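Mind docking chains U and Z on chain A? Use the hints.
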Amino acid sequence: MRYAYFPGCSYHGTGKEYELSTHAVAKKLGMELVTIPDWSCCGATASHGKSHLLNIALPSRNLGIAEGMGIDEVTTGCAACYQQLANANKKMIENEDLRNKVNSITGKPYKGTLKVKSIVEAIGIVDPETIKSQIVKPLTGLKVACYYGCLLVRPPEITGFDDPENPMFIDNIMKLAGAEALDWAHKTECCGASLGVSNLDVAVRMIDRILAAAVESDADCIAVACPFCHLNLDWHQKSVNRKLRKSYDIPVFYFTELLGLSMGISPDELGFKTHFTDTKKVLSVVG
Amino acid sequence: MAKRIGLFICWCGSNIGGVVDVPRVVEETKNYPGVAFATDYKYMCSEPGQNLIISKVKEHNLDRVVVASCTPMLHEPTFRKAIARAGLNPYMFDMANIREQCSWVHSNDKEAATQKAIALVKRALAKVSQVEPLFESSIPITKKALVVGAGIAGIQVALDIADSGHEVILLERESTIGGNMVKLDKTFPTMDCSACISTPKMVQAAQHPNITIMTYAELVDVQGYIGNFEVTIKQKARFVDHTICTGCGLCTEKCPTKVSSSFELGMGKRKAIYIEFPQAVPNKPVIDPDNCRYLKNGKCGICKKLCPVGAVDFEQKDELIEEKVGAIVIATGYDLIKWEEIYGEYGYGRFKDVITGLQFERLVNASGPTNGLIQRPSDGKEPKTVVFIKCVGSRDEAKAKEYCSRACCMYTAKHAHQVIEKIEGGHAYIFYMDVRTPGKAYDEFYRRTVDEGAQYIRGRVSKIYQSGDKLVVMGADTLLGSAVHIEADLVVLATAMVPTEGSEKIAQLAGVNIDKDGFFIEAHPKLRPVETMTGGVFLAGACQGPKDIPDTVSQASGAAAKVAALLSNDQMATDPMICHIDEKMCSGCLVCKEVCPYKAISEKTITERIAGQPVERIVASVNTGLCQGCGNCTVACRAGAANLKGYTNLQLLSEVDALCR
Amino acid sequence: MESINVNESIVKNADFTEEIGIESGQPVQKCYQCGKCTAGCPLTFAMDYKPNQVIRMVQLGMKDELLKCQTIWICSNCSTCTTRCPCNVEVAEVMGALRIMAGKSGTTPPGKAKYVEVMYDALLGTVERFGRTYEVGLVMQNNLKSGKLFNNADMGMPMFQRGKLKLLPTKVQGAAEVARIFAEVRKMEGGVK
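From first to last, the protein sequence lines stand for chains A, U and Z.
Position one of the first sequence corresponds to residue 873 (this note's numbering), numbered consecutively onward.
Position one of the second sequence corresponds to residue 32 (this note's numbering), numbered consecutively onward.
Position one of the third sequence corresponds to residue 2 (this note's numbering), numbered consecutively onward.
Chain A with its partners taken away, still in its complex shape:
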């Protein structure tokens, strides 16, 4: 299965582990991810509150480039990038006036022929037998709280591939990897996203809620699918501890890291070393 691949701005930086593990896992599953040449920022976080036109134009430029690649489907890991691309795609397909307006300013006109999928859906729809055939070190005994966040599952008119209240795509992938996917209450509660940078003392309250629920459900780790969620839950765990006088010590992984681990890929190749939380704990659980 070939996809036009949109890396997103955080991939080479703060989302490095997601980049590494996604590519490693894709290779094992026979998924070819062809990076969109000269891709530019999709405008996540900031453009939605500045201008509707900008909010569609920035991602559309990338869709326009991707259309010329001869591949039908686009995928991306970052949930915010996914939301931007999927939203722009829908609006560009449905609204001819908007399409013409946007195409006149992006320099890369988009006709509306592509499908946009999150990497969660792209991996989730692979035949379970194919995935299972690659699992050599099942994560037996590992209790994972799968955290979806917001932009992956809401609003359902844009996302639609999973249930917005009790999504199961990441849970099912973790189950195939041999782990125990926990039924917990905060799968889709917001982590605060960019408030983690602009207003940390607001964000820590939201991050705290999620960490508390994960700990209450007896999770060994949290699996995420978005670099911002990872930033807030992993990088800022110490901030939460400091500002709210807590003592959380729960590792936070991209689900592709855990999937890759079960496929026998070495932790270093997956990015285990660059987390802020202690990833070695998980290695001891799975042996």
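Honestly, the hints are just simulated from the structure, not real lab data.
Model, not experiment: these values are computed from the prediction.
Using N, Cα and C, we set each Cβ at its ideal position, and we do this for glycine too.
Treat the hints with care, as some may be off.
Said to hold, decoys possible - Here are the computed lysine to aspartate or glutamate pairs in the DMTMM-like style, where the Cα-Cα straight-line distance is at most 25 angstroms:
id	chain 1	residue 1	chain 2	residue 2
1	A	963	Z	20
2	A	963	Z	91
3	A	963	U	428
4	A	1118	U	518
5	A	973	Z	129
6	Z	115	A	1073
7	U	415	A	1088
8	A	888	Z	129
9	Z	105	A	969
10	U	369	A	1055
11	U	547	A	1029
12	U	501	A	1055
13	U	383	A	1035
14	A	1015	U	500
15	A	962	Z	185
16	A	973	Z	19
17	A	962	Z	91
18	A	963	Z	19
19	A	983	Z	190
20	U	383	A	1055
21	U	383	A	1088
22	Z	167	A	1141
23	A	962	Z	190
24	A	1118	U	500
25	A	980	Z	190
26	Z	172	A	939
27	A	963	Z	129
Stated by the list, open to error - Just a few of them, taken from the derived set where beta-carbon distance is under 10 angstroms, the chain U residues facing chain Z:
id	residue
28	376
29	427
30	428
31	431
32	491
33	494
34	506
35	512
36	513
Okay, now just chains U and Z, sitting in the frame of chain A:
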């Protein structure tokens, strides 16, 4: 003989006269060929208006009348009766609708409306020039009624019809009558015990000489029409002979199979051979063939061995029974919406301690699965903090039903009162958008509950989740302008009332319409709430729309009165506007027979003399009793042999001519 | 709060209510104030007006109060409100429309909300220049403009040590194209700083 048409144009106050220039319409049409007299009047349907028609018919020796006024649906019968009083055949008449189809819809263009009114009057004059006298015939009425559904609505209808002296079949697909009302504990606003007030009616129905109760039976076919229905009922095999069974209950005691009871709404179990509840009518068991070990695998059979009178009969088969009735009343009641399939934010049914209001009734009911103790389904502990959420599935155009389910505000107040009364140290919190208490003593009931300590919080609940053994309810207090949360032991959802499963099929069988939400449609929402557009089929209870017990019982008695009125006649007049086959033109192709939806056309052999020789041939023949005058056959007939009396081809063509000139 | 002169409020600001309806594409008049949006919003603890109150204020045409409030900037666009609203009002879109209008009006958002706008502008500033976000530049600009000079400073070094923070920006080949998008939007609409 020359026709003498009387033309009467109505102002309808300002309804027509305020838009259409009525005097001008009279001017332009009074010289139409055949018009012997023309005038206008403010209210033709009033007594002076009708008397005007009668007096002018006599004075000017008129032989046919046109009234230009409102819709025939409203006043065609009125004017037909008036000219009949004047001595004319009531079908020497036509109406021009210059209100609903003219002044009411073209009120912004008076000139155009007036031109249209003139055209419509000319059309009516052209038609009435071609009419002939028509004569009604009569058919006998079967003096028996069928009531489909034996909840409180059906039982009340049956009792009232039976008391008026007519026979009733009370049909119920469950194994007992009683419906949803017998599942309830107490009823607002008086807090009467539900069983105490409904079981006497159930027994009354069982003992009434005019009522035949058929339980565990379903309606499978309806043929015929008002006054003359032929229905087919499937009596499901009970595998217990009720004529022998004494109701001793030994079989139900010893049956080894326990399954989830739908009567207990999944909160309790019953046996494979079972009586639904202790006061069931009939108080005799049935066997559930899907779960009985003997019927499925040939094992067990202990009930048969133990029965002291040998009433268990595994060989019983479903039986089809045909009955003739004159009227049908649909009283199929309601179910609750399947909220578990819709509301993921409330857990999709995964949390055991999130239940519906009806499930709460079973908990608090002394003959329920917990013997009347309010207990958490998860661990059986008594809940101290109970949260009620109203409007779950109602008033929600995004995911569920737009309408308000009418009874929930009252029964939630009732439940809150029961929590406070029965649970020591118990707290009741109710999340609401409004509190709707329109009935007698209703608002007083609600205020008393608030005085007792029920906490009403204005806002909807966004999410419920499990935290330890508590349920966290995330709500809002919009009056305060804040989000709120409560750790609850039990959450009760007031879920939307929807029509009973299978309502659509009953509607198809009886030939009645259902609305976008599946409720049966009444003939007129204000003036004819218990009738349907199908003659002889009536409605009662929640099947027509969500309602509480007082309204249900009132409506049931209303439906019964309509049925009694219908059945009080020995004969009923049939509509003379039916199909007539001109046998000379009929070629016997019988295409009309194929297209007749009422199976009113059959083939007939006639003998003619052709060139001196008798020749037999087939022609179509119409059963005047069955024909409803739909006109399908007249359209299908290539020879023009089939003609609809009152709407003949000639009459319709003359209308077209009048409009085109 | 003073008694609101409803005749004035609704009539004087009918344009505003209509404009928000068009900009957001939402039927705000349908809202019957059930409060489900507020009930599920994860950020009400940091907001001045709650989501249901914001919609009510739009219905009443309270333009000044809305364009100056914190809520519209604190909203993280998580869309929980949108997903659960029984009247099909996409509340997050209304927040977005108010944010856009507030940005164009030039008012500085109050309190914590100020840092959100600063961050948005800083982020978009790097995108306009380089075609992609430049995280270090973003943080520096953010800190300068917000006055929180050492915001997240202690985290920067560990990020860099893990190779997760590039000191220098990556400039996209089509950076000029991206810059043109910003210029054209500004021309067509105004308001993108």
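Hint check:
1. 963(A) x 20(Z): Within the cut-off at roughly 20 angstroms; holds.
2. 963(A) x 91(Z): Answer holds: residue 963(A) to residue 91(Z) is near 15 angstroms, not above 25 angstroms.
3. 963(A) x 428(U): Status holds; Cα separation ~24 angstroms.
4. 1118(A) x 518(U): holds (22 angstroms)
5. 973(A) x 129(Z): The hint holds at about 19 angstroms.
6. 115(Z) x 1073(A): Holds - the C-alpha atoms of residue 1073(A) and residue 115(Z) are around 14 angstroms apart, at most 25 angstroms.
7. 415(U) x 1088(A): holds (23 angstroms)
8. 888(A) x 129(Z): holds (23 angstroms)
9. 105(Z) x 969(A): holds (23 angstroms)
10. 369(U) x 1055(A): The hint holds at about 22 angstroms.
11. 547(U) x 1029(A): Given that 25 angstroms is the threshold and the Cα spacing comes to 24 angstroms, the pair holds.
12. 501(U) x 1055(A): Holds, at about 15 angstroms.
13. 383(U) x 1035(A): holds (21 angstroms)
14. 1015(A) x 500(U): holds (20 angstroms)
15. 962(A) x 185(Z): holds (22 angstroms)
16. 973(A) x 19(Z): holds (23 angstroms)
17. 962(A) x 91(Z): Between residue 962(A) and residue 91(Z) the Cα gap is close to 16 angstroms, so the pair holds against 25 angstroms.
18. 963(A) x 19(Z): holds (22 angstroms)
19. 983(A) x 190(Z): holds (24 angstroms)
20. 383(U) x 1055(A): Holds, at roughly 14 angstroms.
21. 383(U) x 1088(A): holds (19 angstroms)
22. 167(Z) x 1141(A): holds (20 angstroms)
23. 962(A) x 190(Z): holds (22 angstroms)
24. 1118(A) x 500(U): holds (23 angstroms)
25. 980(A) x 190(Z): holds (21 angstroms)
26. 172(Z) x 939(A): Cα-Cα ~22 angstroms, so holds.
27. 963(A) x 129(Z): Holds, at roughly 23 angstroms.
28. 376: Check passed: Cβ of residue 376(U) comes within 6 angstroms of chain Z, closer than 10 angstroms.
29. 427: Status holds, d = 4 angstroms.
30. 428: Constraint on residue 428(U) satisfied, holds at 6 angstroms.
31. 431: holds (8 angstroms)
32. 491: holds (4 angstroms)
33. 494: holds (6 angstroms)
34. 506: holds (5 angstroms)
35. 512: holds (5 angstroms)
36. 513: holds (7 angstroms)
The structure meets every hint from the earlier list without exception.
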